[in-house]
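Chains as they are written, first to last, in the numbering used here: chain F, 1 to 160; chain Z, 1001 to 1078.
Hint data in this document are derived by calculation from the structure and do not stem from the laboratory.
Quick caveat, the model's predicted, so the values are computed rather than measured.
Every residue, glycine too, gets a C-beta built ideally from N, C-alpha and C.
Accuracy of the hints is not assured; some may be wrong.
Derived EDC-like pairs (lysine to aspartate or glutamate); straight-line CA-CA distance at most 16 Å [unchecked claim]:
no., chain 1, residue 1, chain 2, residue 2
1, Z, K1050, Z, E1025
2, Z, K1050, F, E125
3, F, K37, F, E125
4, Z, K1050, Z, D1063
5, Z, K1050, Z, E1067
6, F, K61, Z, E1068
7, F, K61, F, E125
8, Z, K1050, Z, E1068
9, Z, K1050, F, D138
Beta-carbon label-pair distances, calculated as ranges [stated by the list, open to error]:
no., chain 1, residue 1, chain 2, residue 2, range
10, F, R38, Z, E1024, 29 to 37 Å
11, Z, V1021, F, D141, 20 to 28 Å
12, F, R101, Z, T1023, 37 to 45 Å
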Amino acid sequence: MARFFDWLLRRHVELPIAAQQRAIELPWTQRWYHIPKRSAGWDFRAEDYQAARMNARMVAKETLGPDAWNQVRRAGYIDVPSRRFPGLTYRLRIGRRIEVRCRPGVDSPWPFPYLCINPVYPLPEEEFFAHLYLYARDNEDEIIRVGAPQPWDQRLGRTF
Amino acid sequence: MSRLIIANRRGHQVLEWDPSVDTEETREAIAEAERIINDARLRGCAVSRKVEGQHVLDTGRFDPAAEEYQIIAPIAGG
Chain F
1 MARFFDWLLR RHVELPIAAQ QRAIELPWTQ RWYHIPKRSA GWDFRAEDYQ
51 AARMNARMVA KETLGPDAWN QVRRAGYIDV PSRRFPGLTY RLRIGRRIEV
101 RCRPGVDSPW PFPYLCINPV YPLPEEEFFA HLYLYARDNE DEIIRVGAPQ
151 PWDQRLGRTF
Chain Z
1001 MSRLIIANRR GHQVLEWDPS VDTEETREAI AEAERIINDA RLRGCAVSRK
1051 VEGQHVLDTG RFDPAAEEYQ IIAPIAGG
């Protein structure tokens, strides 16, 4: 009976192929405008999302390092102090807009407390969180250049 | 082993090579890694390199002996 169900499953459900067995996908060579928000594309199934998020967590953890990763898991955010604006901190949270926090008496250069920044192609939330962390820490000018100030918090549209 | 991590909607995929072994396969993998990194940079991606156990954004020339590179997605506002 178990063999029958196994056969039935394999016949009717294409099992997800591990990411490493596929040809390497280079997302910057493709256009993604047609993909709905918070989606990886029409060809992605629940199993693909699950595998992608597991993959993303592995690399995000390695990119951030154990201390920063544990801080994110414990507190839900990580603060990156600005080098351009003394007294200002970027609070990064997985899958959400950057929260700009200022010490008392410090004026923000932006009119609103949130910066909306997305990847230009779809990525799992935790993977992009690690990317955003590197930008905020090592290339703040890019955050300043592209960040779209927003009055409210919201989930990002290009991550899932 | 050295490796290039390519972040994409699959989470990530990896290209690996052993810089201490001079074989046709290794040379091909190194050439492919360099091509991918150069192309990604031209299209607006950033690249990080693992230095002393930590990833840092890197703008230097491709080094086949590096422990690990990672392609970082370009970002856009809104």
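Hint by hint, here is what the structure shows:
With a C-alpha separation of about 23 Å, the suggested pair Z/K1050 and Z/E1025 falls outside the 16 Å cut-off, and the hint is violated. The straight-line distance between the Cα atoms of Z/K1050 and F/E125 is roughly 21 Å, outside the 16 Å bound, and the hint therefore fails. Distance restraint check for F/K37 and F/E125: the Cα-Cα separation of roughly 13 Å lies within the 16 Å cut-off, and the hinted pair is therefore satisfied. A hinted pair counts as satisfied when its Cα atoms are at most 16 Å apart, and Z/K1050 with Z/D1063 qualifies at roughly 12 Å.
Taking the CA atoms of Z/K1050 and Z/E1067, the gap is about 6 Å. The hint holds against a cut of 16 Å. For the given pair, F/K61 sits about 15 Å from Z/E1068 by alpha-carbon distance, which is consistent with the 16 Å threshold. Proximity of F/K61 to F/E125 is assessed by CA-CA distance (about 12 Å); at most 16 Å being required, the pair is judged to hold. Among the hinted pairs, Z/K1050 with Z/E1068 is consistent with the structure: their alpha-carbon atoms are about 5 Å apart, no more than 16 Å.
A threshold of 16 Å between alpha carbons decides the hint, and for Z/K1050 with F/D138 the separation of about 13 Å falls inside it, so the pair holds. One distance hint, 29 to 37 Å for the beta-carbon pair F/R38 and Z/E1024, is violated here, with the actual separation near 43 Å. Distance hint for Z/V1021 and F/D141: a CB-CB separation of about 40 Å, inconsistent with the stated range 20 to 28 Å. Judged by the Cβ atoms, the range 37 to 45 Å given for F/R101 and Z/T1023 is violated: they are separated by roughly 52 Å.
Violation of the numbered hints given earlier is confined to hints 1, 2, 10, 11, 12; the remaining hints are satisfied by the structure.
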